[in-house]
Amino acid sequence: MIRDITIGQYYPQDSVIHRLDPRTKLVGTLVYIISLFLFHNFMGYIIVTLFLAGMIHASKVPFRFMVKGLRAIIVLLMITVLFNMFLTPGEPLVQVGFIQITKEGARIAVFMSIRLVYLIIGSSMMTLTTTPNQLTDGLESLLAPLKRVKVPVHEIAMMMSIALRFIPILLEETDKIMKAQIARGADFESGNLIKKAKSLIPLLVPLFISAFRRANDLAMAMEARCYSGGEGRTKMKPLLYQMNDYRAYAIVGVYLAAIIAMGILL
Amino acid sequence: MGIIKSENLIFEYIRRDEEGNVEAINRAVNGVNLDIKQGDFVAILGHNGSGKSTLAKHLNAILRPTEGDLWIDGHDAKDLNKLWDIRKTAGMVFQNPDNQIIATVVEEDVGFGPENLGIPTAEIWERVDKALKSVNMLKYRKHSPNKLSGGQKQRVAIAGIVAMQPKCIVLDEPTAMLDPNGRKEVIDTITRLNREEKVTVILITHYMEEVIGADQIYVMDQGSVVMQGTPKEIFSRVWELKKYRLDVPQVTLLAEELRNSGLQLPEGILTIDELVDEICQLY
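Protein chains in written order, with full-length UniProt numbering: chain A, 1 to 266; chain B, 1 to 283.
Warning: the hint list may mix true and false statements.
[Stated by the list, open to error] Straight-line alpha carbon distances no greater than 27 Å define the calculated DSS-like cross-link-like pairs of lysine-lysine that follow: (1) B/Lys232 <-> B/Lys5; (2) B/Lys5 <-> A/Lys237; (3) A/Lys68 <-> B/Lys147; (4) A/Lys235 <-> B/Lys133; (5) A/Lys176 <-> B/Lys232.
[Claimed, not checked] Covered stretches of chain A (chain B as the covering partner; in silico rule of three or more C-beta atoms under 8 Å from a C-beta of chain B): (6) 42-48; (7) 75-85; (8) 119-133; (9) 224-236.
Hints in this document: simulated from the structure, not taken from any laboratory.
Cβ atoms here follow ideal geometry from the backbone N, Cα and C, with glycine treated the same way.
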């Protein structure tokens, strides 16, 4: 299950979306996420679905690769669905004892889960098509004005890119430790919640120790390569807007306008 | 004076208790004298805990000498202002390839060093191309390091240093975590860098097979240099090496045993071909 998380993994491919400036993609994703909460009718879903489908097609990332990432949020999804279904007051659809499913509840549950799924797919689109280095470059340059109020923008961006780089490595390591502990008779499956949580200790302790050791090694390797913070650094891939970025901004703008218009008109 | 020179270099790890009082002093490097010429391939051998890695970290100014002197290309290692000059002169490759690759794409990782040095963009690209070519990884430039084999990852790490164009590369047990194929890839790569690009190479290892091509070997034990010489000189002292818990290459050991049982073989045979030639000449 652990291996299914696709957020934070880059999918190498040469597509229009991959070549876009990371700033365009960041702003686009932000607009997309906000847009998901701007409409309440059926037409809105059609527009979002079309937009998302178009993006996925243009990115040339296999669809199943994105769906894989959804498995990680299945629990969250279930909770959302159940709460909305049972706890929304309104016209009852099914009633068993004091438990009832209302028409409004069912509707909200379905739409809410679609929103969540779209949210995850949309944001994993960004990380799948943008290398973490580009992503942090983009963030760094978008947030650069904050440097004036002494926010360590470069340091935060660097930390994020390193965290992203180590996600797959630490996941692999978790898998390895898990197998090693299972081989020695550890049981991660049975028992109640408290017992299960306790059984995670022999997994988490070695994982943390190894993560600290890795961090130490990495810091040393970075210093050995003359890293001394953001001052005086140049960029191998400086951010430059291309023609396609302006087109992308235009598309995102039209999309947002359509969604807003939908909210006002219908 | 050579590119690296040390006189009576001493380094102590000091362990303190919670109040900051000194609890134990562990002298990891004890009076080491080095003199390494520009363009040489130098190997530092030693078993675990012999102080070889601690010594290596001095060459890149990650650690600074407790006592004694160390000059890297004329820069005094004790002078804090020279820190970046030293790191520009002597690049360092570490043991675990996973823990020294910063970026998620091969070419971006190779570009990390030059970016830190403030090299203009166009030149970074030239350097990255050249560095990847020199370690034979050019066709993997767009790949994710996670998908590469150990030997390939380590070659990317070497390219990351090469792109900074240091005069000297220090490799701290670069092959310890690799399989035999990966080991060969890495050793071939650094040998080629040394021969073709004239980079000074300092290889720290405990695999004797890897140092046969070296110009000069230092053997370390308990923080001190106990033997020094060319591979031939070192490997002819088979029993002394055994004492320092180092494994002599099998051919050398076989030749030594044959010599002891009365065959007229010279000392310090390093390769199978050499041994075959010598035996053929006997009859």
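Earlier hints that do not hold, by number: Those not satisfied are hints 2, 5, 6 and 7.
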